[in-house]
Every structure is written in C-alpha cells, then in structure tokens.
Amino acid sequence: MKELFETTASRRAFMGLFAGGVAAAAVQPAVAQAVQTSARIVIIGAGAAGTSLANRLVERLDGADITILDPSATHLYQPGLSLVAAGLKPSSYTESQTADWLPSGVSLITEAAAAIDPVAKTVGTSGGQTLAYDFLVVAPGLVLDHDAIEGFSLDMVGSNGIGALYAGPQYAAKTWEAASKFAEEGGVGLFTRPATEMKCAGAPLKHTFLIDDIAKRTAGEGKHEIHYAANNNSLFGVPIVSEKVRMLFEDRGITAQYSHVLKSVDAGAKIATFATPEGDAEMEYDYLHVIPPQRAPDVIRESGLSWADKWTDQGWVEVDMKTLRHLRYPDIFALGDVAGVPKGKTAASVKWQVPVVEDHLVAAINGNEGTAIYDGYTSCPLITRVGRAMLIEFDYRNNLTPSFPGVIAPLEELWISWLMKEVALKATYNAMLRGKA
Amino acid sequence: MEQLTFGTLIAVFEEIFGGVLFWLMVVAAVLVTVAYLYVLVRDRSVSMRKFLLAQLSMPIGAVAAVVFVQVMTHSQLRDIGGPVDLIVVLGIAVVGAIGMAILVYTAQSLLRGKSE
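Chains as they are written, first to last, in the numbering used here: chain A, 1 to 437; chain B, 1 to 116.
Next up, chain A with everything else stripped away, as it sits in the complex (with noise of 0.2 Å):
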C-alpha cells in the first residue's frame, strides 16, 4: 500500500507541478549508501533513458565503470517536435549537446554501437574499439525507414505541400513551411502514420488536430479538407481514447480513413497510394504528413537481440515487459523505443522505465533480485488545438491512469493540460535527464 501510495504521490508530482507541487517539492527521500563496485557498465544510447540512467547509476553506484555511446553530438528533446511543425517553437526549442546532459564519471564515446555480441559480453563500435561489459543497457532509439515509402525521400519535405515532423529539428521546422502553406492556401490535407510501432501515436493526431485548427483560423473555415489515414480500424490503441478522438473528428469535420498505410507518393503529380484492404487506393493532396514504418536499428537486430516471433520486421528487443530486462541474456536490459513491449515509446514511458532498470541492474550488482515493476504506464497530453490538450495516462490494459482523477479528467479537453505539454514538460524532462525525476 505504501509502494502503492508513493507512486502515486511521484506521478502527481511529476505531472502535477501546476497543482500545488510545492508542497511536494519540499519531501526529499533518503539517498541509499552508493554501492561499492567494479562493474563495467555500458550504455548504448545517450537519448532520453541512456541520459538518465547514466545520471541516476552515478548516485547508485560507487567505483562503476560506466561507459555511454551515441554517435550524436546533439541531444534531441523529441516531444517538442510537434510543437515546432506547428510553427509555435523554433527547431532550436529541441535541441541541446549531448555531453551537457552527462555526468562527471561517466565516459562519453561518440561512436555507433557497430555490434553486440551477448554471449562473449562485447560491443564494438564503429570507430573499432571493443567494450567488454558486466552489464548491458540498450537505449539506441529507433530508425524511421523513409525508403519504405516508395518516391519519398527527405530532401521533399519542405516544399510541394510535404512534412515530415519526425525527421529531426530541421525537418520539423521544414514541415511547418509546409503546413502553413496549406494553411494559407486551403486543399486538401492527408495526415498518415506507420503500420509499425511507432513512437508516441498520440503525435500524428497532435499535427492534424493542430494543423487543422491553425488552417481554419488562418484562411476561415470551409477552405481546408482534412483526412486522417489511420493504420488499422482505430485511431488510438486504447480504444477509450480512440472513441473520444472519432468524436472529436466528427466534431472538427476530419475525416478518418481507416485502414490506410502510405505505401508511395508521386510528389509530381501530389497523389499519395494507401495500402488498403481493398487493394490500393489514390488521394490527391496538398498536404501530406509522412511518418515512416519504424524499426530496431540493424545493429540490434543483427545481434540476437530481437524478438524471434513477435514484431519480426521491426526487431524490438525481447524484454520482459515488467522488468526489461532481457529474456535470455539477463546481464542486458532495454530501454526506451528500441523495448519489445507493448505501447510505450515516450518520454513519460522512459521516465517510468528508468528507475525499473536501475533497481533491477543495481540488485544484481548486489547479488540479489530487484523488485521494482514496470506497468505500461505512459502518457500523452493529446493536444487538440492551440491552447487545449487532453492529459491521457494509460498502462500496458489500455486502462486510464490519470494523475489528478475528478481534477484533470482524462478525456476532456483542458487549457491545463496544454500548459502541461508547451511549457511544463520539458523542464520536467530535462530534470529527469538529470536523474532528479
């Protein structure tokens, strides 16, 4: 009960800090004696979870080898990408240096992971070195496959009503010069997203419901048709959600095209074709918003790592999903988007994810069994237009979670909850960089 309690109480601090956190933020826990240790620790991935694990194992652990790689120079803070191809942040708003992020103590290699060899315990990169390890974290993020999508490619977006906001900082900003076109000018707007598992699938409904507004209050109403190409027969997996979402496109005149999966685009002829399970099917457009299938980088799949009968094109690492911890290697632990686990490619997901890994590593360091759990918990404050976002919490049964229950309802659409995501959240992601949420 008393577990039961505090994680409650953390949740509400970590989302509430428009509702009376200060109180909270005077409770500070009692920091455990770090553990004495010579284990070599290596951390693939210095994005959202690899920063702060790394933050966190620092305080943990005394004596660590622990050695983070990431061939970027720049840290990405990815849940403002939305906000940039909206035209209501700079490309600059997500981005950060990587080195800046980390501890003293740790040492940062500015490489790939080139490959992991699980049995000898050993990752090379692609400088050439070889790291030995005790134990194994792997954060390394996820490929966006844009040459899936036939007569696509990046040097697109931009321009002849094309945006692709998951790129990057630059092409988010890219796809803005894109969308407030379509603003201006009216036509018609096709929203996609992947049939994979992809990060955040709250993010492609943000675009449309946020192009969609923007569009109507730029040129009027009636000018804009705006279609929404949804992977399967929902528009959410929770289907709560999904629900509340098919009301709210009936509500804002979107049309929802289900089972559509972009398969190519003639960027000449601005027609994209649907996989559909009638067989293709042409749209005409104006706007188009790419997000590619979505995969394990090869160096995960090529190491063994990967699922063998699940998600089998995408190559997810095969965690148990209460503790990510791998299912035949125990010394290895997943994190983040490359996790084979339901849902959960967020930063609120790497929020609770983190401390699972640290408790389960830290045990085992000590010889003993960690205990902490990891229930699915996510979450996604749905923006709905400028100025209001729906705060959805969920966990791995689809079941709501929500922090503030009666105070923040879940699926209503709230001004709070909009402040939440355009100024609340990044601090509190960057101070979970930090390790210090």
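Because the hints were derived from the structure by calculation, they are not lab data. Backbone N, C-alpha and C fix where the C-beta goes; we use that ideal spot for every residue, glycine too. Keep in mind that the hints are not guaranteed to be accurate.
[Unchecked claim] Taking lysine to any residue pairs in the SDA-like style, the calculated list, with each CA pair at most 25 Å apart, reads:
#1 K310/A - T196/A
#2 K343/A - S259/A
#3 K121/A - I109/A
#4 K199/A - A167/A
#5 K216/A - V67/B
#6 K436/A - I16/B
#7 K181/A - R252/A
#8 K436/A - L9/B
#9 K343/A - E243/A
#10 K223/A - Q76/B
#11 K263/A - D145/A
#12 K216/A - M72/B
#13 K436/A - F6/B
#14 K121/A - P355/A
#15 K223/A - H74/B
#16 K436/A - G19/B
[Said to hold, decoys possible] Output of the computed footprint for chain B on chain A, the stretches with three or more beta carbons under 8 Å from beta carbons of chain B:
#17 405 to 411
#18 419 to 433
With chain A fixed as given, assemble chain B onto it according to the hints.
Only chain B this time, still in chain A's reference frame:
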C-alpha cells in the same frame, strides 16, 4: 528521487517566460517587496488613501496577468475548457491583482513621500 524539486519548479517558470525575463521578473518582485516593506516601516502605518488607489488598480493587475500568461503560452480565453482551467485563470488573476496593489501602493509611497 521521483519528486518535484524546487529546481524543477524554477525550470518550469524559466520555460514559460524564458530565462532572462523570468529572472528579471523575480528581481523586480523582490525589489518591489523590499520597497513595500521599507515604506511600511518608514510610515509606521498604512495610508488608506494610497490603499484606495491600490485597490482600484487591482482589476487592471488581474487582467494584465491573465493576458500576459496567455500571450506567453499561445492561449486565449476560449481555451478555458473546464473547472480546473477556471481555477488556474482565477489564481493567475489573484496573483496579478495583489502584485499590482503592492506595486501601486509602494510607488505612491515612494513618489509622494510620507505626507498625504
């Protein structure tokens, strides 16, 4: 340490207003508060006449605070969607009103001096 720390709260406000503007506002708030305490101690009493004007300025402070926060967060009044939003707006208005009252009272006291 899954707790909201004071540092996080500061970071949230820096995020809303931008680092420079936020700290300028903090400095301004501290200066006004110190000046307010100074005139209270100096005058040894609250001047009702100055207090009246201060009270009259409160609605202006309330509206100004709400408009300021909305501009900073790309929001409008039409975004108020439920009771909790109304509470937030009223909270911002109250803070703005009190801040304005203190500011106006202090400004009068400093400019006009102790005599009425």
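Right, here's what the structure says about each hint:
| no. | hint | verdict |
| --- | --- | --- |
| 1 | K310/A - T196/A | holds (12 Å) |
| 2 | K343/A - S259/A | holds (19 Å) |
| 3 | K121/A - I109/A | holds (18 Å) |
| 4 | K199/A - A167/A | holds (12 Å) |
| 5 | K216/A - V67/B | holds (23 Å) |
| 6 | K436/A - I16/B | holds (20 Å) |
| 7 | K181/A - R252/A | holds (20 Å) |
| 8 | K436/A - L9/B | holds (12 Å) |
| 9 | K343/A - E243/A | holds (18 Å) |
| 10 | K223/A - Q76/B | holds (23 Å) |
| 11 | K263/A - D145/A | holds (12 Å) |
| 12 | K216/A - M72/B | holds (22 Å) |
| 13 | K436/A - F6/B | holds (11 Å) |
| 14 | K121/A - P355/A | holds (24 Å) |
| 15 | K223/A - H74/B | holds (23 Å) |
| 16 | K436/A - G19/B | holds (20 Å) |
| 17 | 405 to 411 | holds (count 3) |
| 18 | 419 to 433 | holds (count 9) |
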